[in-house]
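Asker: Residue numbers (the numbering used here), protein chains in the order written: chain Y, 1 to 344; chain A, 1 to 338.
Hints were generated in silico from the structure; no laboratory data involved.
Positions of the beta carbon are idealized from the N, C-alpha and C atoms, including for glycine.
Keeping only pairs whose Cα atoms sit at most 30 Å apart, straight-line, the calculated DSS-like set for lysine-lysine is:
no., chain 1, residue 1, chain 2, residue 2
1, A, K321, Y, K208
2, A, K43, Y, K192
3, Y, K170, Y, K276
4, Y, K208, A, K43
5, Y, K125, Y, K51
6, Y, K199, A, K43
7, Y, K276, Y, K332
8, Y, K125, Y, K105
9, Y, K48, Y, K105
10, Y, K170, Y, K208
11, Y, K125, Y, K48
12, Y, K332, Y, K208
13, Y, K192, Y, K332
14, A, K321, Y, K192
15, Y, K200, Y, K332
Ranges between beta-carbon positions, derived for each pair:
no., chain 1, residue 1, chain 2, residue 2, range
16, Y, I184, A, A196, 39 to 47 Å
17, A, A284, Y, K340, 54 to 62 Å
18, Y, P326, A, I136, 45 to 53 Å
Here's a subset of chain A near chain Y, in silico, CB distances under 8 Å, partners left out:
no., residue
19, K155
20, N181
21, R256
22, G258
23, S305
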Amino acid sequence: MSRKRLIIWIVAASLLAIGTTACSIGGDDETTTVTVSETTERGTSSGKTVKIIASVPPTDHGWLGAISKDAQAAADQHDDVDFELLQAADADSQAQQIEQAIAQKPDVLVVLPQDGAALTPVAQKAERAGIRVVNVDRLFTAPDAATATVLGDNYQIGVLAANYIADELKCNGNVVEIQGLAGISVTTDRTKGFTDTLKKKCPGGGVKIVASQPGDFNPDKGLTVMENILQAQDDIDAVYTHDDDMAQGVVQAIRNANRDDEMFLTGVGGSQDAMKQIEEGGLYRATFLYNPNMAGTAVNMARLIGLGEGFSELVPPEVPRQLVVPAAVVTKENVNEYEKYAFN
Amino acid sequence: MTGPAPAEQAAPAFSDRLKALRIQEYGLAAVVVLLFVAGSILKPETFPTWDNVRNMLTQASVVGVLAIGMTFVIATAGIDLSVGSMVAAAGVFGGILIGTDGTSSLIFILGTIAFATFLGTVNATAIAYARIVPFIATLAMFSIARGLALLLNDKLPVSLLDLNGGSFGDPRPFSLLWFGNGRIFGIPVSVYVFVAITIAGWIVLNRTRYGRYVVSVGGNREAARIAGVPVRRIIFSVYVMSGLLAGVASVLLCARLGSASPVSGNLYELDAIGAVVIGGTSLAGGRATIVGTFLGVLTFALIFSLMTQLNLSTEVQQVTKGLIVLAAVLLQRSDSRY
Chain Y
1 MSRKRLIIWI
11 VAASLLAIGT
21 TACSIGGDDE
31 TTTVTVSETT
41 ERGTSSGKTV
51 KIIASVPPTD
61 HGWLGAISKD
71 AQAAADQHDD
81 VDFELLQAAD
91 ADSQAQQIEQ
101 AIAQKPDVLV
111 VLPQDGAALT
121 PVAQKAERAG
131 IRVVNVDRLF
141 TAPDAATATV
151 LGDNYQIGVL
161 AANYIADELK
171 CNGNVVEIQG
181 LAGISVTTDR
191 TKGFTDTLKK
201 KCPGGGVKIV
211 ASQPGDFNPD
221 KGLTVMENIL
231 QAQDDIDAVY
241 THDDDMAQGV
251 VQAIRNANRD
261 DEMFLTGVGG
271 SQDAMKQIEE
281 GGLYRATFLY
291 NPNMAGTAVN
301 MARLIGLGEG
311 FSELVPPEVP
321 RQLVVPAAVV
331 TKENVNEYEK
341 YAFN
Chain A
1 MTGPAPAEQA
11 APAFSDRLKA
21 LRIQEYGLAA
31 VVVLLFVAGS
41 ILKPETFPTW
51 DNVRNMLTQA
61 SVVGVLAIGM
71 TFVIATAGID
81 LSVGSMVAAA
91 GVFGGILIGT
101 DGTSSLIFIL
111 GTIAFATFLG
121 TVNATAIAYA
131 RIVPFIATLA
141 MFSIARGLAL
151 LLNDKLPVSL
161 LDLNGGSFGD
171 PRPFSLLWFG
181 NGRIFGIPVS
191 VYVFVAITIA
201 GWIVLNRTRY
211 GRYVVSVGGN
221 REAARIAGVP
231 VRRIIFSVYV
241 MSGLLAGVAS
251 VLLCARLGSA
261 SPVSGNLYEL
271 DAIGAVVIGG
281 TSLAGGRATI
291 VGTFLGVLTF
301 ALIFSLMTQL
311 NLSTEVQQVT
321 KGLIVLAAVL
331 LQRSDSRY
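Please build the complete structure, drawing on both the sequences and the hints.
Answerer: Below you can see the structure in the form of C-alpha cells.
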C-alpha cells in the first residue's frame with residue numbers, strides 16, 4: 001500500500017480520534033466557581049426564556065474542560081435559560097454544528113471557535129439570521145460576526161511573564177521558552193507579549209532567550225523537548241512555559257536531570273496541580289491565570305442579550321461589545337486568593 | 001531447520017532481497033553516522049557527549065519498542081495505527097489500578113502491560129478472525145483507546161511520583177521511576193529494555209520458524225497457507241505482540257514523565273511506522289529488518305535532538321525533518337524497480 005494512502009488514513013484516523021473525545025461533558029461542577037453578580041439576577045422576573053446554544057472544542061485539555069463546566073454551571077444558575085452545550089473536534093465539524101444550531105433558532109449562540117477565521121462566515125450567517133453571537137476567547141475576523149466578545153488576554157500573559165521573570169532575574173540570566181501549539185494566535189500572542197516586554201524591560205539584553213521550542217500543550221512533548229534543551233544549554237535560570245498541563249512534563253525533565261536548583265519555572269492557565277506546586281515552593285514559582293470563568297461570563301452576557309438588558313452598573317442599556325478578562329500573576333504570596341479558580 | 005521453508009517458496013528471489021536489505025541497512029547506518037557528524041560539527045560542545053547520546057537513546061526507547069512490534073505487523077502486510085492511543089490508555093489504566101494510596105510499581109507495570117495486551121488482542125481478533133482490514137480495525141482502536149484514556153480517569157492525568165520510593169533523585173531499583181530515570185553502569189534502564197527487545201525481536205524474526213512464518217504470511221499468504229503455515233494464528237499473534245509492546249512503551253514513558261497522561265503518545269504510530277519503513281521493511285509485507293528499524297528509530301531520534309538543540313523554529317524543523325527522511329530513503333535505496 002502506498003505511502004500516500006497511509007498518510008490519508010492517518011489523517012482520517014486523527015480526525016476520528018479527536019471526534020470521539022468530544023462525546024462527553026464533565027458533569028460535576030464542584031470545582032468550578034461561577035461568579036454571577038446579583039445585578040444579573042434581575043431579569044428572572046420578566047417571564048421570558050432565553051434559548052442559548054454554546055459550541056466549544058472538546059474537553060481533552062484541562063482548561064477547555066473547565067470552559068465547558070463553567071458555561072454549564074453559569075447556565076444552571078438561571079431558571080430562565082434553556083441551555084445546550086455542543087462540542088466539536090475541529091473547525092469543519094464545528095461549522096456544521098453551528099449550521100445545525102442556527103436551524104434550531106436559539107436566541108443567542110456562544111461560540112469558542114476552534115479557529116476564529118474559519119468559523120467567521122458561519123457566525124456571520126447566524127447574525128444575519130437574527131441570532132446574536134457571543135464570541136469567546138479566540139476572535140472572529142470580521143466585526144459583524146459577533147454581537148459581543150469575551151476574551152482573555154494572551155498578549156498580557158506574555159507581558160506579565162516577562163515582567164515577573166525579568167524582576168526575579170534582575171534583568172540578568174538565560175530563559176527558555178516552551179511554547180504551545182505552533183501556528184495559533186494563543187501561542188503567537190503569548191510569545192510576542194513576552195519578547196516585546198523583555199526588550200523594553202531589559203533594554204541591555206540582559207535576559208537572553210536561549211531556546212524557544214513548541215511543546216504543543218502536551219506533557220510528553222514538553223518532556224522530550226525540555227530534555228533536549230537541557231542537553232544543549234548548561235546555564236538556564238528560568239523557564240517560561242505556555243501551559244500548566246504541559247509544564248508538568250517540563251518539570252519532570254528538569255527533575256530527572258537533577259537541575260531543579262538551577263532554575264525556576266512558570267506556567268499559564270491556573271490548574272490545581274500548578275497551584276499546589278506553587279504553594280509548596282520550589283521549581284514551580286508562578287502561573288499566569290487565564291481564567292476559564294470567561295465562559296460563564298459569556299453565558300451570562302448571552303442571557304442578558306436575549307433578555308434585551310444591559311449590566312445594571314454600566315450606563316448603556318446593552319451589554320458591552322467587548323469584555324477582556326484580565327490575566328493575573330499567581331505566586332506563593334497570593335495563591336490562596338486564586339485557588340478557587342483552579343481547574344483540574 | 002524443520003518443516004517447510006515457506007519464506008523461500010513465497011519469495012523466489014529471497015536471497016536477492018536479503019542482499020538488497022543489507023545494502024539498505026548499511027545505507028541507513030551511513031545516514032545515522034552523517035547526522036551524528038553533522039550534530040557534532042554544529043553543536044561541538046553539547047552534541048557529541050555521552051550525556052547527550054544517553055538522552056537520545058532514552059528518548060528513542062519509547063518509540064523504539066513500538067517500532068519493533070510494528071516491524072512484525074508490517075512484515076505480515078498489516079498496519080497498527082493504534083499504538084500511540086494504546087500507550088495512553090494502558091498508562092491511565094495502570095494509574096487508576098494503583099489508586100491514590102498504592103505505591104506498588106509492580107501492579108502499575110503489570111496492569112499497564114496487561115491492558116495494552118488486551119487491547120492488542122481485540123485488534124488481533126478483529127483482524128484475524130472477524131476478517132476486518134487491519135487499517136480499519138486498528139483505526140477503530142486508535143479512536144477507542146484514545147477515548148478510553150480520557151474516559152478512565154475523567155480526562156485527568158494520574159500522578160505516579162509516589163512510585164519511586166518517596167523522594168526525588170536516585171529512584172529505588174525496580175520502582176517505576178527507575179525504569180525511566182535509573183541507570184546501570186551509567187546506561188539508562190529504559191535503554192536496556194529497548195536494546196533487549198530489539199535483540200529478542202531480531203532473534204525471533206531471523207532465527208526462528210515463527211519469524212519465517214511471519215515474513216512468509218506477508219510475502220504470499222496463499223503460498224504460506226499451502227505450505228502449512230498457520231496464517232490466522234500468525235496474524236493474530238503479531239497484533240497481540242504489538243499491543244504488549246505498546247504496554248512496555250507506556251511503562252517507559254510514564255516512568256520518565258512521572259505521570260500517566262491521557263493525551264500522551266499522540267501520533268507515536270506515525271514515528272513508529274516511519275522508522276520501520278525507512279529502515280527497509282516493506283509496507284507490502286514479506287520483507288522485514290529489525291536492524292533497519294533500529295537504525296530508523298535512531299535516525300528520528302537524532303533528527304529531533306539535533307533540531308531542538310539548534311533551536312530551529314517549528315516550521316523550519318518540519319520542512320527539514322521531511323527533507324531528511326526523503327534524503328535518507330533515497331540514499332539507501334538499492335533497487336530501481338520503480
